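Engineer: So the protein lines, in turn, are chains D and W. Under the numbering used here, think of the first position of the first sequence as 1, with each following residue one higher. Under the numbering used here, think of the first position of the second sequence as 1, with each following residue one higher.
Worth flagging that the hints you see were computed from the coordinates, not collected in a lab. Be aware that one or more of the hints could be misleading.
A pair holds if it fits inside one copy or across any two, identical chains being indistinguishable in the list.
[Unchecked claim] Distance condition first, Cα-Cα at most 25 Å in a straight line; then the derived SDA-like pairs of lysine to any residue:
{"hint": "1", "residue 1": "Lys242", "residue 2": "Asp267"}
{"hint": "2", "residue 1": "Lys242", "residue 2": "Thr91"}
{"hint": "3", "residue 1": "Lys277", "residue 2": "Thr253"}
{"hint": "4", "residue 1": "Lys165", "residue 2": "Gly59"}
{"hint": "5", "residue 1": "Lys270", "residue 2": "Asp153"}
{"hint": "6", "residue 1": "Lys270", "residue 2": "Glu132"}
{"hint": "7", "residue 1": "Lys270", "residue 2": "Thr253"}
{"hint": "8", "residue 1": "Lys78", "residue 2": "Asp273"}
{"hint": "9", "residue 1": "Lys277", "residue 2": "Ala156"}
{"hint": "10", "residue 1": "Lys78", "residue 2": "Ala262"}
{"hint": "11", "residue 1": "Lys165", "residue 2": "Ala136"}
{"hint": "12", "residue 1": "Lys270", "residue 2": "Arg251"}
{"hint": "13", "residue 1": "Lys277", "residue 2": "Glu127"}
{"hint": "14", "residue 1": "Lys78", "residue 2": "Ser276"}
{"hint": "15", "residue 1": "Lys242", "residue 2": "Glu254"}
{"hint": "16", "residue 1": "Lys270", "residue 2": "Gln250"}
{"hint": "17", "residue 1": "Lys242", "residue 2": "Phe272"}
{"hint": "18", "residue 1": "Lys242", "residue 2": "Val157"}
{"hint": "19", "residue 1": "Lys165", "residue 2": "Ala150"}
{"hint": "20", "residue 1": "Lys270", "residue 2": "Ala60"}
{"hint": "21", "residue 1": "Lys242", "residue 2": "Asp206"}
{"hint": "22", "residue 1": "Lys270", "residue 2": "Asn128"}
{"hint": "23", "residue 1": "Lys78", "residue 2": "His140"}
{"hint": "24", "residue 1": "Lys242", "residue 2": "Thr257"}
{"hint": "25", "residue 1": "Lys242", "residue 2": "Met174"}
These numbers were taken from a predicted model, which means no experiment stands behind them.
2 protein chains.
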Amino acid sequence: MLPFARVAVIGLGLIGSSLAHAVRAYMPTVRVTGHDASPDVREIARCIGLCDDVTDTAGAAVIDADLVVLCVPPGAMKAAAQAIADDLPATAILSEVASCQASVIAAIREVLPDVTLVPAHPVAGTENSGPEAGFATLFHNRWCILTPPAGTDPLAVARVEDFWKRFGANIEVMDPAHHDLVLAVTSHLPHIIAYTIVGTASDLEDVTRSEVIKFSAGGFRDFTRIAASDPTMWRDVFLANKDAVLEMLQRFTEDLTQLQRAIRWGDGEKLFDHFSKTRAIRRSIIEQGQDDAAPDFGRQHN
Amino acid sequence: MLPFARVAVIGLGLIGSSLAHAVRAYMPTVRVTGHDASPDVREIARCIGLCDDVTDTAGAAVIDADLVVLCVPPGAMKAAAQAIADDLPATAILSEVASCQASVIAAIREVLPDVTLVPAHPVAGTENSGPEAGFATLFHNRWCILTPPAGTDPLAVARVEDFWKRFGANIEVMDPAHHDLVLAVTSHLPHIIAYTIVGTASDLEDVTRSEVIKFSAGGFRDFTRIAASDPTMWRDVFLANKDAVLEMLQRFTEDLTQLQRAIRWGDGEKLFDHFSKTRAIRRSIIEQGQDDAAPDFGRQHN
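Go ahead and model the full structure; you've got the sequences and the hints to work with.
Structural biologist: So, in structure tokens, the structure goes:
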């Protein structure tokens with residue numbers, strides 16, 4: 001028995017388009033409607049046959065849906081909720097995929113105070129954006145974190161859980177505030193650091209940008225991948241999860257200062273001890289299936 | 001006509017063992033001898049048949065070589081030079097692969113003032129270490145930077161260049177000091193940042209290590225790869241290239257402070273502008289064949 005029969009996806013970027021592909025691949029009898037605020041994106045989505053129907057308004061997409069998933073950047077969530085408010089069926093479950101939940105839940109609640117809201121954030125992605133970047137297996141063996149606000153109908157939570165499990169995702173249920181702290185360290189901090197270092201490297205006087213690109217295989221190129229992520233989404237994430245991100249940045253800076261001091265004073269033992277500890281984390285990530293065991297992420301060397 | 005007939009590799013870690021594999025794959029008539037200071041490593045190298053001969057002393061490995069390549073961590077270069085000093089043929093060319101050149105060249109020169117020295121640093125690697133980590137195609141389409149000290153015989157430089165080109169490497173010749181600055185930004189800064197962030201993430205009170213590992217696909221796992229690199233080598237690199245690394249860290253910290261301030265004050269425009277610029281660098285790296293065009297480094301999603 002499928003958890004939903006008619007799914008509406010609002011926002012057809014990487015996550016929205018992957019969700020549409022996944023529903024069609026794993027639940028082929030479910031009807032998927034889609035909408036995106038951009039006419040260009042709607043046009044592409046129609047050309048590639050992403051959904052059963054791509055509608056020109058958000059309202060038309062949700063009018064007979066039993067699950068509506070908002071897949072827009074955090075800063076656009078409130079407007080998306082407003083755009084569907086008049087047409088959202090009273091029995092429909094509303095979900096969204098934001099990487100920061102507390103402020104997004106609050107924004108949606110302002111517009112739709114009585115909606116059954118079950119946020120579900122799939123911790124998955126690539127550096128690509130847009131309706132052509134999605135693929136059905138993106139969520140396979142990745143974690144999807146549900147952050148239902150206190151008091152949410154447990155049956156609604158169970159249906160959303162069932163929905164995501166069908167894509168091969170693992171489910172964790174978390175308080176929205178704790179989710180935001182966890183993601184600040186596992187996702188937001190790495191992104192702001194990567195964006196920073198790529199900027200630093202491209203703005204030097206004594207080393208040309210061409211040299212930075214040529215010799216990037218020394219480690220730098222790893223950082224350029226996540227620094228190629230969608231600028232709008234990441235702007236919104238940092239603004240929406242400000243406190244947790246600033247807290248993590250503060251800790252990172254303290255730790256960096258300590259290693260910097262060890263370099264300045266030639267304290268090889270402190271450096272060696274630190275570098276030995278961090279190796280173990282990589283091993284755990286691979287053991288738990290959260291990254292490829294192949295060296296160099298499995299990049300091709302030939 | 002092959003540039004060398006008898007190659008000795010001192011230090012059989014990732015780079016040394018890859019070099020041995022590459023010589024056998026691309027110049028099968030060349031004799032390769034190897035030595036490592038660790039008896040365990042020598043034993044493994046013998047078991048897997050890495051070289052034509054693995055010798056118990058460094059001197060025995062180089063005694064009839066026409067090219068000797070030191071593939072030990074920067075801090076061990078001087079001792080390696082001392083270990084071969086009595087047996088190095090007068091006509092042999094000495095090379096080494098260090099990621100920081102000025103201090104390593106000076107250390108070798110102290111022991112071997114009259115040697116023909118042509119350092120060659122292949123900007124290539126994986127996060128794995130040891131004699132079993134190497135493979136013949138590691139240098140393919142990667143850059144190898146030669147940093148011959150002023151006054152080096154141009155014929156010797158040309159022979160080392162020819163040698164590396166046979167592995168599919170591209171060659172750049174650079175002043176040692178400039179090399180160290182370029183590598184400080186493309187390799188050393190990314191490594192110290194990755195080592196830092198992985199440490200920060202594993203030392204939190206409110207987010208468990210298990211959560212960090214589980215939800216690492218949000219971006220964090222990318223950093224764990226280079227933070228799993230060899231602790232001894234990286235300790236040595238940071239100590240040996242101290243000034244350039246500290247200079248890059250200073251710039252990085254300034255840039256991070258600026259983005260942190262933009263987050264604190266809600267300056268979305270500044271964040272968006274920065275994030276849009278960094279995207280372009282990734283595109284150039286892919287266009288120039290220095291990274292995989294496949295999303296997510298080509299990781300498998302199934």
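Engineer: What label fits lysine 78 with alanine 262 when the C-alpha limit is 25 Å: within, between, both, or neither?
Structural biologist: between (47 Å within a copy, 23 Å between copies)
Engineer: Between lysine 78 and histidine 140, at a C-alpha cutoff of 25 Å, which is it: within one copy, between copies, both, or neither?
Structural biologist: neither (29 Å within a copy, 50 Å between copies)
Engineer: Is it within, between, both or neither when you check lysine 242 against phenylalanine 272 at 25 Å Cα-Cα?
Structural biologist: Between copies, since 15 Å is at most 25 Å while 33 Å is not.
Engineer: Within, between, both or neither: how does the pair lysine 242, aspartate 206 come out at a Cα-Cα threshold of 25 Å?
Structural biologist: Intra 34 Å, inter 17 Å, cutoff 25 Å: inter-copy only.
Engineer: Taking 25 Å as the upper bound on the Cα-Cα distance, should lysine 270 and glutamine 250 be classified as within, between, both, or neither?
Structural biologist: This pair counts as both: shortest intra-copy Cα distance 21 Å, inter-copy 20 Å.
Engineer: Checking an output row: lysine 78 and aspartate 273, CA cutoff 25 Å. Within, between, both or neither?
Structural biologist: between (47 Å within a copy, 23 Å between copies)
Engineer: First find the shortest C-alpha distance between lysine 270 and glutamate 132 inside one copy, then the shortest across copies, and answer within, between, both or neither for a cut-off of 25 Å.
Structural biologist: So lysine 270 and glutamate 132 fail the 25 Å test inside a copy (47 Å) and across (28 Å) alike.
Engineer: Indicate which option fits the pair lysine 165, alanine 150 if close means a Cα-Cα distance not exceeding 25 Å: within, between, both or neither.
Structural biologist: Cα proximity of lysine 165 and alanine 150: one copy only (22 Å, versus 64 Å across).
Engineer: Go through the copies and call it for lysine 242 and valine 157: within, between, both or neither, with a Cα cutoff of 25 Å.
Structural biologist: The answer is neither: 27 Å in one copy and 54 Å across copies each exceed 25 Å.
Engineer: For lysine 270 and threonine 253, with the copy left unspecified, which applies at a CA distance of at most 25 Å: within, between, both, or neither?
Structural biologist: both (17 Å within a copy, 21 Å between copies)
Engineer: Between lysine 270 and alanine 60, at a C-alpha cutoff of 25 Å, which is it: within one copy, between copies, both, or neither?
Structural biologist: Neither: 61 Å inside a copy, 36 Å across copies.
Engineer: How would you label the pair lysine 270, asparagine 128 (within, between, both, or neither) given a Cα cut-off of 25 Å?
Structural biologist: Between copies only: 22 Å across, 38 Å inside.
The structure is inconsistent with the numbered hints 2, 4, 5, 6, 9, 18, 20 and 23, although it conforms to all the rest.
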